[in-house]
Amino acid sequence: GQNIDQPTEMTATEGAIVQINCTYQTSGFNGLFWYQQHAGEAPTFLSYNVLDGLEEKGRFSSFLSRSKGYSYLLLKELQMKDSASYLCAAYSGGYNKLIFGAGTRLAVHP
Amino acid sequence: EPEVTQTPSHQVTQMGQEVILRCVPISNHLYFYWYRQILGQKVEFLVSFYNNEISEKSEIFDDQFSVERPDGSNFTLKIRSTKLEDSAMYFCASRTGSGANVLTFGAGSRLTVL
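From first to last, the protein sequence lines stand for chains H and G.
For the first sequence, counting from 1, position 109 maps to 103 in my numbering; every step adds exactly one.
For the second sequence, counting from 1, position 9 maps to 527 in my numbering; every step adds exactly one.
Careful: at least some of the hints might be erroneous.
[As the list claims (entries may be wrong)] Derived contacts from chain G toward chain H, CB cut-off under 8 Å, selection only:
1) Ser573
2) Val620
3) Ala625
4) Gly626
[What the hints assert, rightly or not] With a cut-off of at most 25 Å between alpha-carbon atoms, the simulated SDA-like pairs for lysine to any residue come out as follows:
5) G:Lys575 <-> G:Ile538
6) G:Lys596 <-> G:Ile538
7) H:Lys51 <-> G:Glu603
8) H:Lys75 <-> G:Pro520
9) G:Lys575 <-> G:Glu603
10) H:Lys51 <-> G:Pro520
11) G:Lys560 <-> H:Ser55
12) G:Lys596 <-> G:Phe583
13) G:Lys575 <-> H:Ile93
14) H:Lys70 <-> H:Glu3
15) H:Lys75 <-> G:Lys560
16) H:Lys51 <-> H:Leu68
17) H:Lys51 <-> G:Gly615
18) H:Lys62 <-> H:Phe23
[Said to hold, decoys possible] Looking from chain G toward chain H, a few residues come up when the C-beta cut is under 7 Å (computed):
19) Arg540
20) Ile544
21) Ala618
What the hints contain is simulated information worked out from the structure, not anything from laboratory work.
C-beta atoms are modelled at their ideal positions from N, C-alpha and C, and glycine is treated no differently.
From just these sequences and the hints, can you work out the full model?
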C-alpha cells in the first residue's frame, strides 16, 4: 500500500526553529519531496531527498532515512510568512504518480 | 522563471454541465498531471499523461473525466457532467522527465458547481 503521514497542525514562534515530521510507505520509492502551500495557492517545491541524510537550502533543511521510512523538514529563523501548509510527498511505483500527505498547517506567532 | 499557466482561474457552473479546464505546461516538460484539492483536504492525484496517452489514473478519474493534449502546447481536463462534489481546486503540473523529477504546479482553477 501507499501512505504518507504527517501531523495536522503545529505552532511556533517567530525566530524559532520547527521540525515537521513525515513517515511514508510507498511502493518503488523514488525520492521524498517537501512542498509549501499557502491558503488558496498552488504547492511550491521546497526540497528533495533521494539518499539518506540532510539536504540544506538556506533556512530550510530536509532529512531522509529510507530504512525507517522517515523524513523531516526543518525550518530555522521562522518568519511570519512561513505560516503555511507543508506537504510531504513521494512518488509511488515509478514517476507516474506523486502522492501527497494531508499536509501540516504551521502557524507562526510573533 | 518558466511557469505552468492555467485558465480559467475560477469557473462557476451548474450541475450537469460540461467544463473544460486548460493548462499550458512548461515548454520543455514531457510529463503532465492533473491534481484536485477539495477545500480543506489533501492534494489528490487524478491522472498523469506522457507521449499523448494516459500513464496512470486514480479511482477518482472515472468516465466523466478526460484529458487531451490537442495542439502540442495545451493540456486540458474535461469533466463531462459536473456534480456538486466536483467543486474543488484543480491543479495542473508538469516535469521534465530528468533530474529530480520535481513537479511544477500551476496556480490552479477553482471550480464551483451549483
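Outcome of the hint check:
no.	hint	in the structure
1	Ser573	holds (4 Å)
2	Val620	holds (5 Å)
3	Ala625	holds (5 Å)
4	Gly626	holds (5 Å)
5	G:Lys575 <-> G:Ile538	holds (18 Å)
6	G:Lys596 <-> G:Ile538	holds (4 Å)
7	H:Lys51 <-> G:Glu603	violated (39 Å)
8	H:Lys75 <-> G:Pro520	holds (23 Å)
9	G:Lys575 <-> G:Glu603	holds (19 Å)
10	H:Lys51 <-> G:Pro520	holds (21 Å)
11	G:Lys560 <-> H:Ser55	holds (23 Å)
12	G:Lys596 <-> G:Phe583	holds (6 Å)
13	G:Lys575 <-> H:Ile93	holds (12 Å)
14	H:Lys70 <-> H:Glu3	holds (18 Å)
15	H:Lys75 <-> G:Lys560	holds (21 Å)
16	H:Lys51 <-> H:Leu68	holds (10 Å)
17	H:Lys51 <-> G:Gly615	holds (23 Å)
18	H:Lys62 <-> H:Phe23	holds (13 Å)
19	Arg540	violated (15 Å)
20	Ile544	violated (13 Å)
21	Ala618	holds (5 Å)
When each numbered hint is compared with the structure, violations occur for hints 7, 19, 20.
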